[in-house]
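Okay, here's what each chain looks like letter by letter:
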Amino acid sequence: EVHLVESGGVVVQPGGSLRLSCAASGFTFDDYAMHWVRQAPGKGLEWVSLISWDGGSTYYADSVKGRFTISRDNSKNSLYLQMNSLRAEDTALYYCAKDIGGNGPFDYWGQGTLVTVSS
Amino acid sequence: DIQMTQSPSSLSASVGDRVTITCRASQGISNYLAWYQQKPGKVPKLLIYAASTLQSGVPSRFSGSGSGADFTLTISSLQPEDVATYYCQKYNSAPFTFGPGTKVDIK
Numbered sequence: 060e061v062h063l064v065e066s067g068g069v070v071v072q073p074g075g076s077l078r079l080s081c082a083a084s085g086f087t088f089d090d091y092a093m094h095w096v097r098q099a100p101g102k103g104l105e106w107v108s109l110i111s112w113d114g115g116s117t118y119y120a121d122s123v124k125g126r127f128t129i130s131r132d133n134s135k136n137s138l139y140l141q142m143n144s145l146r147a148e149d150t151a152l153y154y155c156a157k158d159i160g161g162n163g164p165f166d167y168w169g170q171g172t173l174v175t176v177s178s
Numbered sequence: 175d176i177q178m179t180q181s182p183s184s185l186s187a188s189v190g191d192r193v194t195i196t197c198r199a200s201q202g203i204s205n206y207l208a209w210y211q212q213k214p215g216k217v218p219k220l221l222i223y224a225a226s227t228l229q230s231g232v233p234s235r236f237s238g239s240g241s242g243a244d245f246t247l248t249i250s251s252l253q254p255e256d257v258a259t260y261y262c263q264k265y266n267s268a269p270f271t272f273g274p275g276t277k278v279d280i281k
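So the sequence lines, in the order shown, correspond to chains F and X.
Under this note's numbering, think of the first position of the first sequence as 60, with each following residue one higher.
Under this note's numbering, think of the first position of the second sequence as 175, with each following residue one higher.
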């Protein structure tokens with residue numbers, strides 16, 4: 060059974076940094092691209108970032124480009140999101156999600172980790 | 175970037191009703207369109223991909239259609255457990271933009 064477990068969400072001050080992690084199990088991690096998606100409180104879903112199966116290609120939403128960095132460690136079945144220069148509008152529940160294959164939609168999601176940016 | 179819109183933003187229907195939600199892309203995306211269901215307080219769930227392919231385990235009352243820029247999600251007979259917000263998503267290329275969502279509840 061596929062499991063995705065995010066961690067690292069905390070309350071952080073504006074301008075601060077944070078690294079989120081996602082531990083994956085139940086599938087061959089290095090066969091699939093992975094994504095981060097966020098959802099601000101009471102709002103809709105916003106795609107944040109994609110990393111290819113081997114980490115060789117990465118993509119970002121314009122709202123986070125230059126501030127966030129996605130990475131993965133296939134030896135540890137783990138996905139990461141380094142978040143710098145955090146803003147109040149980055150406050151959200153951050154989900155990691157597994158790509159269905161071939162940069163397709165997302166067939167499995169974690170439960171999310173809450174990031175709150177506030178002074 | 176391609177923008178995604180959905181209509182209506184919310185709807186209320188009776189149990190057993192046929193419900194249709196529309197999603198429109200600002201440019202053609204072929205059939206690279208997915209639908210997700212998010213029940214209150216829960217994680218999003220993939221319902222349909224490639225515009226009309228039902229994800230494994232999804233009830234057959236859900237169906238999708240469309241190609242190019244206009245797509246629809248249909249629930250043939252609304253059930254109480256279908257109360258949720260439904261999102262479309264393009265995935266032909268990054269950014270993998272979601273629509274704003276359609277909230278469905280029971281009248």
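Heads up, a few of these hints could be off.
What the hints assert, rightly or not - Straight-line alpha carbon distances no greater than 20 Å define the calculated PhoX-like cross-link-like pairs of lysine-lysine that follow: (1) X/K213 to X/K277; (2) X/K281 to X/K213; (3) X/K219 to X/K281; (4) X/K216 to F/K124; (5) X/K219 to X/K277; (6) X/K213 to F/K124; (7) X/K216 to F/K135; (8) X/K219 to F/K124.
Worth flagging that the hints you see were computed from the coordinates, not collected in a lab.
For each hint, the structure was consulted:
no., hint, in the structure
1, X/K213 to X/K277, "holds (10 Å)"
2, X/K281 to X/K213, "holds (17 Å)"
3, X/K219 to X/K281, "violated (23 Å)"
4, X/K216 to F/K124, "violated (28 Å)"
5, X/K219 to X/K277, "holds (15 Å)"
6, X/K213 to F/K124, "violated (30 Å)"
7, X/K216 to F/K135, "violated (27 Å)"
8, X/K219 to F/K124, "violated (27 Å)"
The structure is inconsistent with the numbered hints 3, 4, 6, 7 and 8, although it conforms to all the rest.
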